[in-house]
Amino acid sequence: MKRRTWTGLAFCSPLILGLLAFTVLPVIASFWFSLCNYPILDSPRYVGAANYVEMAHDDRFWHSVQNTFVFVLASVPLGMIVGLGLALLMNQRVPGIKVFRTLFFLPTVVPLVANSVLWIRMLDPESGLINSFLRFLHLPEGWMPGWLSDEHWAMPGLILMSLWGAGGGAILYLAALQDVPSELFEAAELDGAGPVQRFKNVTIPLISPVLLFTGVMGLIGGFQEFGRAFVMTSGGPWDATLFYCLHLFNSAFTEFRLGYASAMAWVLFAVILLSTIIVMRASQKHVQYEQ
Amino acid sequence: MRKRPLRIPGFLALVVLAALFSLPFVWQVSTSLKTEDQVGKSEMDLIPRAQMLTLNGSTVEVKPIERKGNEQVVEILSGPQKGAKVSVSPSGLKLKPHLEWSNYSEGFKAFPFFLMLRNTLVICVLTVFGTALSCSLAAYGLACVQWKGREVLFWTMLATMMLPGQVTMIPLFQTFKSLGWINTILPLVVPAFCGNAFFIFMLRQFYRTIPSSLMEAARIDGASDLRIWATVVLPLSKAALAVVAVFSFIGAWNDFLGPLLYLMDDDKYTLAIGLARLQGQYSSDWGRMMAMSVVMTLPLIVLFFLAQRTFIEGIKIGGVKG
Amino acid sequence: MRRKARWAFAALLAVLALSGCLPKPTPDPHVITVWQPFDASFQPALDHLVAEFERTHPGIHVKMSFASNDLTSSQKLFLAIAGGVGPDVTFVDGQQLSEWAARGALADLTGSFDKSGLKPEDFWTPRWKESTFRGRVYAIPWGADPNFAFIWNKDMFRKAGLNPDKPPRTIDELDRDIDKLTVVDSQGFVKQLGMNPWEWTGANSLFTWGYAFGGNFYAEPDTTHPLGTVTADNPKVVAALEWMAKFGRKYDVRKVNAFSSQVVGLGNNPFYAGKSAIRLLHVSQIKDLKKYAPTMDIGIGLIPAPPDGEYPTGWIGGWSLAVPRNREVRPEAFEFIKWVCSSREATEIEATDMEQFPAYRKSQVFDRIRQDPVRGVFLKILENSKHVRTLMPVQGYYMDQLGRAMDEVLYGGASAKEALAKVRVAVSSRLQSVADELSHHAVEANR
Chain A
693 MKRRTWTGLA FCSPLILGLL AFTVLPVIAS FWFSLCNYPI LDSPRYVGAA
743 NYVEMAHDDR FWHSVQNTFV FVLASVPLGM IVGLGLALLM NQRVPGIKVF
793 RTLFFLPTVV PLVANSVLWI RMLDPESGLI NSFLRFLHLP EGWMPGWLSD
843 EHWAMPGLIL MSLWGAGGGA ILYLAALQDV PSELFEAAEL DGAGPVQRFK
893 NVTIPLISPV LLFTGVMGLI GGFQEFGRAF VMTSGGPWDA TLFYCLHLFN
943 SAFTEFRLGY ASAMAWVLFA VILLSTIIVM RASQKHVQYE Q
Chain B
129 MRKRPLRIPG FLALVVLAAL FSLPFVWQVS TSLKTEDQVG KSEMDLIPRA
179 QMLTLNGSTV EVKPIERKGN EQVVEILSGP QKGAKVSVSP SGLKLKPHLE
229 WSNYSEGFKA FPFFLMLRNT LVICVLTVFG TALSCSLAAY GLACVQWKGR
279 EVLFWTMLAT MMLPGQVTMI PLFQTFKSLG WINTILPLVV PAFCGNAFFI
329 FMLRQFYRTI PSSLMEAARI DGASDLRIWA TVVLPLSKAA LAVVAVFSFI
379 GAWNDFLGPL LYLMDDDKYT LAIGLARLQG QYSSDWGRMM AMSVVMTLPL
429 IVLFFLAQRT FIEGIKIGGV KG
Chain C
5 MRRKARWAFA ALLAVLALSG CLPKPTPDPH VITVWQPFDA SFQPALDHLV
55 AEFERTHPGI HVKMSFASND LTSSQKLFLA IAGGVGPDVT FVDGQQLSEW
105 AARGALADLT GSFDKSGLKP EDFWTPRWKE STFRGRVYAI PWGADPNFAF
155 IWNKDMFRKA GLNPDKPPRT IDELDRDIDK LTVVDSQGFV KQLGMNPWEW
205 TGANSLFTWG YAFGGNFYAE PDTTHPLGTV TADNPKVVAA LEWMAKFGRK
255 YDVRKVNAFS SQVVGLGNNP FYAGKSAIRL LHVSQIKDLK KYAPTMDIGI
305 GLIPAPPDGE YPTGWIGGWS LAVPRNREVR PEAFEFIKWV CSSREATEIE
355 ATDMEQFPAY RKSQVFDRIR QDPVRGVFLK ILENSKHVRT LMPVQGYYMD
405 QLGRAMDEVL YGGASAKEAL AKVRVAVSSR LQSVADELSH HAVEANR
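Protein chains in written order, with the working numbering: chain A, 693 to 983; chain B, 129 to 450; chain C, 5 to 451.
Calculated directly from the structure, the hints in this document are not laboratory data. Keep in mind the model is a prediction, meaning the values are calculated, not measured. Quick reminder that beta carbons are idealized off the backbone N, C-alpha and C, glycines included. Worth double-checking, as some hints may not be accurate.
Stated by the list, open to error - Listing some non-contacts, in silico: residues in chain C with all C-beta distances to chain B over 10 Å:
| hint | residue |
| --- | --- |
| 1 | Lys-67 |
| 2 | Glu-177 |
| 3 | Gly-206 |
| 4 | Ala-223 |
| 5 | Thr-227 |
| 6 | Trp-247 |
| 7 | Arg-253 |
| 8 | Lys-294 |
| 9 | Lys-390 |
| 10 | Gly-417 |
| 11 | Arg-434 |
| 12 | Ser-443 |
What the hints assert, rightly or not - Computed footprint of chain C on chain A; a stretch qualifies when at least three of its residues, placed anywhere within it, have a C-beta under 8 Å from a C-beta of chain C:
| hint | region |
| --- | --- |
| 13 | 725-732 |
| 14 | 942-953 |
| 15 | 959-971 |
All chains, full assembly: derive it from the sequences and hints.
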């Protein structure tokens, strides 16, 4: 047993070293900041739990919490479903599949600025591609979403946009699908399982470790969503896309309140940690590691 | 490899979705080939066009210079009168498809492209190498070795991803400063050699699907853990490792904040900073910016295209088991 | 085993590569480091500036490098200042100055300034005020952007039956013209827009119209209010916001924003596409007119104002040069600042290569600018500008709150009066806490 501990430690030593050198100190420091009044350019001054107390009375804080939960609850599961769908499509043996895979991956490599400009146009209520499609379906004009200029539709707009990046997750699913032994499918087929059953009973369990990974990462990333709103909407209209981390960023760097921002960061930390634990525990029974 | 019949609906879905997903890039390319006066038009026109004028019976390409009351001053860009400026009626100008390559030539001149490319590549290569090495080692330690404390380490590592970077930025900067690393690439690449929580977690998930019987067999043959890692685990997870390499390369290639914060000299900056500087405070040169953005995206596309061979040939645990 | 050896070799290579990059400290007393925030199009002009300085100041070398720096992305400078590795000289956006000065982020330049032979009245007054905090000098103003000029598309005026040579002078006339210039289809979509009054993002539009309406956003410090007073719900500012809200109700704020973002998404503007007839132009966008709208017949003039408002109106933005704290103010560094901000050569480069207006009002370049049909209008605005955004050490927060109040009012969540009163209360309390911190520091310092 002892020897295994040393072996484990040895393999993880770069990681442990990195955590000690670059993470422990900044993390402790940020917790200290959360108990301080810290105007960034000046030194921090201890104020106790004041920052945490203030959060409870900050309307915009609660608003950003609500926005962020909506985003996470919608974008994470949808992103996984779309990613899985793409992976299944990409797993087909058809001519030019390599080119197709590359195309699906494109949105993840195009710089955010270029992507944002395109999406602002795609989401245009009048001439954008999305509403043109809805019109093609003969939806009544009154139902047309106003997307980024409408306080009720801005968030769904950003969620839709986030699905564009599903190609990244799809690549992971694809890598996992490639490892699925074909005998398993053939065996299932012989047993008379239809495509839906094969998908449910063979494919899903086999890629479940990767599904868990993308789910947890989606959760961690979703709660920290920042870039799209920062570049495209600055949190508007009327705070409709004010994400938690955007509010945190503004507090730190435009309001010079790194103490308050740090307190927000630690609350977020607790929320993410809790959600991750719940997801990991709940999935324990369903994730199959060894085949 | 499994042979499945070509299914028409699946193929169709593939084509339609691929067209949708490639829009951002296609649009980027199209904008990069537009003339300045066409970039700002509201129609989402994927075909670049330029102003043309019919002069003495032949059509020539022109560049509108300035409007003077009811007259339009244009510069003739092709034909025998090239370079001449003439006043015409605005209604005489017509739009015709045209590719404007000058956005690319001007873009390359806008910043020291090759110097920045070299800086970027040095960081990318070291990052990819460091990440792949340290993450696969750590993932092996977390997934394939049973030891006390590995759960604690795993959760600690995972927890580091949950605290937004904005609040640890200052103390981290101080740490690098006290190490004397400011204005070097060390803050950008050394952490890569110390593992990356995202990739370690990912590899751990893949490693845990490797049948332990394979590792046990090797162990009985007297192989050390390092040897098992190198000869059993790595070859079996080539696909996942390729994903790590590609993703970490893209991350380092597009990283803007890291180089901006830790490097202090213009001649050490990377392409992402060069690209960001094409965007102005009040107005941007969009044609040029999109051109350089295409130039920056292309290597990533090629890299992905080449690397996917590994995703596919990656290997078959089934085959090993077989 | 070969595999293991290969890894080891690769690791060795990596270590070698890394050690090659270790810092080689070469402190040179004759080199001053300068950080600039400009986009790539300014690079040739900046190189020119440095070359000219080095030519006229033998023995001093300038190392200039890029550091993005605005209200939302100054982290590099923050970290450098906090870490004590800042440059000798940095550009700072004027609107950040009082905030940074209050936080002690900038070195006090008063001594150097007094000895330099420069005088406060050498600079445009609002820009000068912005560079001082509680009587001390923290920066020297470099640029002066007069905000904004009023430009209109003459062809669109003609088509709407308006006189293309007679732009609106009052808000009533503006409303009337906008009405004639705006086309809305049967679905309520805006097809063509007279003008979008909140086109300049966030609080910038409110500053512009608030000042045009004759309002003010802050009152200068007095004995009871050492950092000044927030006056966000001044009746004239309220009137300006109400006017915007009325416009929003008439054309539907959502449709107007959808219309604008359609093209603004490209960093451009519906004006250039011939879809919006009027816009407020920033001085750095003069060149864009030729670039993006070379086929357009354009008029340029002053922003309209109500009879009891301010005409001509304007507020000035612009960059200044400062020294981060932790850095002694080196004589060469101050010489560079002084030269860049006031010398004949440097202001010439500023006006010609960069197409900016110097903050140094005595610069010879203004004689030439006055003759220019477009830039001359901007000069007239500059000469008549009495304001900057605000002079508050809570500028960032104030701007953010004003921007949010605008959204709240435009989207129908509150009346202009309520929303702006809320801003006043919130910002005043934030200002008070800054005042408390400052007096806390004063007490500590005396101890």
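Hints versus structure:
1. Lys-67: Check fails; 7 Å does not lie beyond 10 Å.
2. Glu-177: 24 Å, holds
3. Gly-206: The claim stands: C/Gly-206 keeps its Cβ more than 10 Å from every Cβ of chain B (closest is about 14 Å).
4. Ala-223: 30 Å, holds
5. Thr-227: 37 Å, holds
6. Trp-247: 25 Å, holds
7. Arg-253: Given that every Cβ of chain B is farther than 10 Å from that of C/Arg-253, nearest at about 25 Å, it holds.
8. Lys-294: C/Lys-294 not clear of chain B: closest Cβ-Cβ about 6 Å, inside 10 Å.
9. Lys-390: 23 Å, holds
10. Gly-417: 29 Å, holds
11. Arg-434: Holds: least Cβ distance 20 Å, greater than 10 Å.
12. Ser-443: 25 Å, holds
13. 725-732: holds (count 3)
14. 942-953: With 5 residues in contact (Cβ-Cβ under 8 Å with chain C), the coverage given for the region 942-953 of chain A holds.
15. 959-971: violated (count 0)
Consistency note: the structure conflicts with the earlier hints numbered 1, 8, 15.
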